[in-house]
Structures are given as C-alpha cells and as structure tokens.
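> Residue numbers (our numbering), protein chains in the order written: chain W, 1 to 268; chain V, 1 to 416.
Fair warning: there could be bad hints in the mix.
Per the computed footprint, the stretches of chain W lying under chain V, defined by three or more beta-carbons under 8 Å from a beta-carbon of chain V, are [stated by the list, open to error]:
(1) 15-23
(2) 39-51
(3) 255-265
Covered stretches of chain W (in silico footprint by chain V; criterion: 3 or more residues with CB under 8 Å from a CB of chain V, positions within the stretch not fixed) [what the hints assert, rightly or not]:
(4) 171-178
(5) 195-203
(6) 232-244
Honestly, the hints are just simulated from the structure, not real lab data.
No experiment lies behind these values; they were computed from the predicted model shown.
Beta carbons are placed, not taken as given, at the ideal position from N, Cα and C, and that holds for glycine.
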Amino acid sequence: MKSTQYSEKTLEHFRNPQNVGTLEGPNVAVGRVGNPVCGDMMDIYIAVTPDDRIEDIKFQTFGCGSAVATSSMITELVKGMKLDDALKVSRGDVADALDGLPPIKMHCSNLAADALHEAIKNWRAGIKPEDATKTPVDTACHPRPAEVAEVEIANLADYDGMGAYTELKDPAELADQRVVVLDTGDRAAQFAIDLTDHTGRVVLMTTGKDPSVSSAMRSALRLSDVKILAEAQPLELRGEGELERILVHDLNEDEEYELTADAFVVLK
Amino acid sequence: MTAPETPATTVRSSAGPASGAAGVTYADYQSSKPVDPRVVEAMLPYFGETFGNAASLHGVGDAATAALEDARARVARFIGADPAEILFTSGATEANNLAIIGYGQRNRRKGDHVIITEAEHISILNIAKYLEKNGFRVTRVPIDLYGRVSVKKLRARITDDTILVSVGWASNEIGTIQPIAEIAEVLAGTGIVLHSDAVAAEGLVPIDMSRVPVGLMSLSSNDIYGPRGLGVLYARKGVAVAPVLLGGGQERGIRSGTEDVAAIQGMAAAADIMAADMPAEVARIKGIRDRLVERVLAEIPGSHLNGHPTVRLPNNAHFRFDAVEGEAMVLSLRDAGIAASTGSACSSKTLEPSHTLISTGLLHEEAHGSLEFTFGRFSKDEDVDRIMAALPGVIARLRELSPLYQKTPQTEKGPA
Chain W
1 MKSTQYSEKT LEHFRNPQNV GTLEGPNVAV GRVGNPVCGD MMDIYIAVTP DDRIEDIKFQ
61 TFGCGSAVAT SSMITELVKG MKLDDALKVS RGDVADALDG LPPIKMHCSN LAADALHEAI
121 KNWRAGIKPE DATKTPVDTA CHPRPAEVAE VEIANLADYD GMGAYTELKD PAELADQRVV
181 VLDTGDRAAQ FAIDLTDHTG RVVLMTTGKD PSVSSAMRSA LRLSDVKILA EAQPLELRGE
241 GELERILVHD LNEDEEYELT ADAFVVLK
Chain V
1 MTAPETPATT VRSSAGPASG AAGVTYADYQ SSKPVDPRVV EAMLPYFGET FGNAASLHGV
61 GDAATAALED ARARVARFIG ADPAEILFTS GATEANNLAI IGYGQRNRRK GDHVIITEAE
121 HISILNIAKY LEKNGFRVTR VPIDLYGRVS VKKLRARITD DTILVSVGWA SNEIGTIQPI
181 AEIAEVLAGT GIVLHSDAVA AEGLVPIDMS RVPVGLMSLS SNDIYGPRGL GVLYARKGVA
241 VAPVLLGGGQ ERGIRSGTED VAAIQGMAAA ADIMAADMPA EVARIKGIRD RLVERVLAEI
301 PGSHLNGHPT VRLPNNAHFR FDAVEGEAMV LSLRDAGIAA STGSACSSKT LEPSHTLIST
361 GLLHEEAHGS LEFTFGRFSK DEDVDRIMAA LPGVIARLRE LSPLYQKTPQ TEKGPA
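Next up, chain W with everything else stripped away, as it sits in the complex (with noise of 0.2 Å):
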C-alpha cells in the first residue's frame, strides 16, 4: 500500500481541516507532541469550562497529509467533552473514525490523541501555553555561557586544521563548505554569519533551545541565511582524515545522528 493511500474521510479533513489555529486566555492549556526533525509536530490548543469540558479547541500541525487530517479529526471528536472522556479518546479511535489510516502512517502519523492527552495533562498541572511551546523570549536577559562552554568533544584535536578549528579563520578559506559553528555567543554567531558571504551553508548548533547572543545578535540570525540548529550537542568527529562528519546528540529526542559536514567551528 502507498503511504498516500488515504481513505476519502482523511482526504476531506486534510483539505478542509477543521479548527485550524490557536487559543488565548486564562482557561487555555497546549499540548505539543512530535519534533521537525521527524517530520510531523503538533500543538493542540483547549480552552476548558470550570465544570471540566472542553469549551473549544485549535490546532497547529506541520506534517504530512495524516498528521493534519488526524489533528482536525480529534478536534471534532472531543470538543464538548469531559476532560476524562476526551482522555479515553486514542490513537486508534483517531484512525477509526477517519474510515483507516495506510499502516505505517499508524504510529509515526498519528499524534493527534498524544497531543490532546498532553494539553489536558498541561491543563491539570496549570502550565501556561507559553511555557508548553515557547523558550524564554530573550535569552540576553539569561545568558548561559556556562552550559554552552560545557560541550567537550573529545577527539576536537585529532581534527585540528582537517576540518575542526578552534579560531577565527578567513571566511573566504571555507567557500563552499558546510560549515558548522558551535553557539559560543555573539562572536560565533558574526562569524556565522559573515561565512554566508562565501557558503550557501552555515548551520549555527546550539545545545540550549536558541543561541545564547545579544538580542540585537538575534535579530541579525533571524535576518541571515544561518541555519540554526537547537538543542543539539555535538558528541564525536568523524570522517577519513579530514572532518566529513559530526555526531550529534539531539537533545529533544534523545538520540543520535550523523550531520555531514566540511568545517567546525569552535571559538573558545
């Protein structure tokens, strides 16, 4: 079966999502379930009565064609309901009701009822949806220079000159490469920055949720070409007697992956 093989019912949800968008107010909570890197994230959004039903209900999913059709499909299943009746509503109920899913979108498609069960829990432990989905707004204000000074990668030397460098270079060196620059603060990221001048790829890593810079630095990430890649902590070089890969620790999931690369970039 193609993964693409959806019933009408998931079609019709997926080009007419129902309740699309986001909620405000003291009674709101927010789940957020999945992560870019996999694919498919969602926020729900409830607004809940004091008498403990769901008043209204919005979403958010970047994913494919079942990740939206699942997130539209829950709001309408559950809103009206008592919080403990929209609990008992799972992933299978999800799928039923929208006539199947294609088997493998069963499990990494199919978030919709985690997310929902993760605003009510929200709701309960009285987290705000700011703190669900959102880091700090300016971390100028929270430096964390020690969390980021505590990356160590031990075999930084093996590569020292083959790709890992641990001082400002001449950015013209790395055309083309694909440079990483580890979040050490403003420097770093200028450096980044000034790099997109001579390569299509500058990825800045972070180990916290957003650079650890000035607020002005920020604006001028936001404006550049830098990739930013958060909560990720580099672990190991690898490559055949030049850096051709980096292991990274995703911080968020928990688990490891290769990033290829030319260049990285560690300003002490």
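For this one, chain W is given, so just place chain V on it according to the hints.
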C-alpha cells in the same frame, strides 16, 4: 517516490501523448516517462509479424535475429559503443545487479573492495548491502554541499583490494551531475573498473563511451521514452561479468532469457529519436525548468534550490520550503492537478528522509520539506504557469497550519 495517480499521457494509436490528459500537469518525468508514440509504432510489427525467437534456426528466427542485431547496433551508436558491448536486460535494476554483483563475483580473486557514493539510487545502495553480506567490503564516498562526489575523497579511499567503483552519472533526485570523466581518469591504468548508473542522465546530457572510459554502464529504455521492462548493460570489451540469472545463455551467456525483440526495437527507435532531437529538446526543457526555478525562488518566501545551481540535469528542479512537509505538498498539488514528487520521509517506505539530501548536509527537518519537479519531452511552457498558479497557495495554506511557520526568518509574521 510517489507514482502519478493518473497516467499523465494516454497513447492512442499514432496520436501524440496529450500532455495534461485528465487535466494533469505531469512534472515527475524522473519517476516515469510516457512511451513516445513513434516508438509504439516501431514496435508493432514485432508482436505479430516478426515474432520469432532469435535463437531459432529457421527463417522466422532469422528475421528476429536480424531485428535484434539491428537494434543492438542502433543502441550502441546512441552511446558511442560497439554493438558487442551492449547487453539487453529487463531494466536498469538488472543491469546494476550484473554490473556490481556480476562483476564482483567474476573478479573476486582480484579483490573484495567496492566503492560507491552517498548520492546513489536505492537500487545501488541495496546491491551494495547485499555485497557486504556476501563477504565484500563497500565504502561510500561523501558528497559535497551540492551533491557532487569529491574526486579527492574517492581517490583517498582506493585500496589495493578495490576492484570496482560505482558512481551514478547524475543524481535521479537532486539532479547533480557527477564528474564521471574525471573519476575515469583517476582510475585509468589502475585496473579498477568504473561502473555508472546513467539512467537519470540519459537523453539529457551527452554520454559517449568512445570519449569516457567507463567500463560498465546501466541504461533504461523508458528513460529515453522507450518501453518499460527493458534496460541495457554496457560492458566494455575485456570487462568480464558473471551472470546473475541462469538459463539458455542468451546475450553472450550473461543474460539468459529469450530477447524481447519488440521492446528492443522500441528502445532502438527511442534512441534514434533522442539522438536526432536531443540538442533542441534539452534546450527547450531547460528553458521550462529555468523559468520555474526563477519564479519559485523569486515569488515564494522561504524557498531554496537543492543540488548544484548549474551542474545539474537540465530537466530537474528540486526545492525545499521552510516549515512545510513534502508529502502534504504533493497531496495538495495532486488536488490541483499537478504531479510532483518529494524526498520527505512521509512518502517513503522506510520513513527515512532522502539519504542524498541528508548527505549534502541538510537537517532532517529541511529534507522533509523537499519538492521535486522534473520535466520532459511532452512538458509545455504553460506547465510552469499552472504550477505557479497553485504552488504559492499550497505553501501558504500549509504554513497557516504549521506551528513552525512563525519561526522562519523570511516570514515577517507577528508572534503566534
């Protein structure tokens, strides 16, 4: 790859394939191409009139032999080869199996090391895995930011045990063309044979075996608008390959099975047409592709071109869009009557995003947002207009749904 739901073109006797049949704008030529009606015409006599078995000794068999050898000579001419170097197979997949497994087994005593690249088609990757399970060592050479294999890195990986290097002529996915001539030069005189899967490139870039010393090459008939189910293994004189299918010993004992003369004549006709039309056709297709790339990058915020800006197949436009997932784009475009494809995990059987995109250095979340358009012989200028009438709206709608949208630098939206 997502196959088109509706065949884009329906061949009716001698009428040309109507591009956009059933209202579909077909921009997925890399997945499948319609058979040229002139090719169908050329095949017809070989079903009922000249139907013989080329191995038979009677006159009916002789006519089939003549048709088979005539076709072999024409296909050979198309790629600057000698007819004796052309072996017909059931497709490029079988040619790849023969070239890598067949060559490896036949030449095992010379060494057990094979080099491929990180930009190869899944057909090559799976064959390489099979080799590894059967006692060979396989090394994968990294590619650069644009998907080009580094000749320097390839050279550094050659060992005394290396017997074969396999590099696709161009990426079927991001369209990057590999420096095949340069790699052939590096291997010259080493005794190491170069194999190239040229399926993505054939009919789009010049391929001439009299100029580039490739030892083995895989071709597909459909990729030059011939019938499906037929391919070619080009094996240069002196390059010995063991069969992977055993039987009656057809095709010099390397590929058993009665030759499908109708299909083979079809491929020969396709090669003749391509040889005559290629320069003009490629220029036209490139014009369509260039216009799409220009418009997408100019008109859609948060859009990027994957692959090499210039050293790429002239029919290939491979994009990624911030905060939008590929399968959702393909589904939405399908509703708008446009057939395209994606390297997103959500459209694959393995749920892994395209290995080629990841090897170029993209993050998973970026690879998920890829969208590929490939044009061909029956593409029209207005296809670009139809795509651009739909695509910006599709992306805007999916971004409206996406919680990631506000985070992209190119979008000047207020806070969520």
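> Compare the structure with each hint and give your call.
Going down the list of hints, with the structure as the test:
For the segment 15-23 of chain W, the stated coverage by chain V is satisfied: 4 residues place a CB nearer than 8 Å to a CB of that chain, which reaches the threshold of 3. Look at the segment 39-51 of chain W against chain V: 5 of its residues bring a Cβ nearer than 8 Å to a Cβ of that chain, three or more, so the hint holds. Beta-carbon proximity to chain V at under 8 Å applies to 5 residues in the segment 255-265 of chain W; the threshold of 3 is reached and the given coverage holds. With 3 residues bearing a CB less than 8 Å from a CB of chain V, the segment 171-178 of chain W meets the requirement of three and the coverage assertion stands.
Interface restraint, the segment 195-203 of chain W with chain V: holds (4 residues with C-beta to C-beta distance below 8 Å; minimum three). Look at the segment 232-244 of chain W against chain V: 4 of its residues bring a Cβ nearer than 8 Å to a Cβ of that chain, three or more, so the hint holds.
This entry satisfies every hint, going by the numbered hints stated previously.
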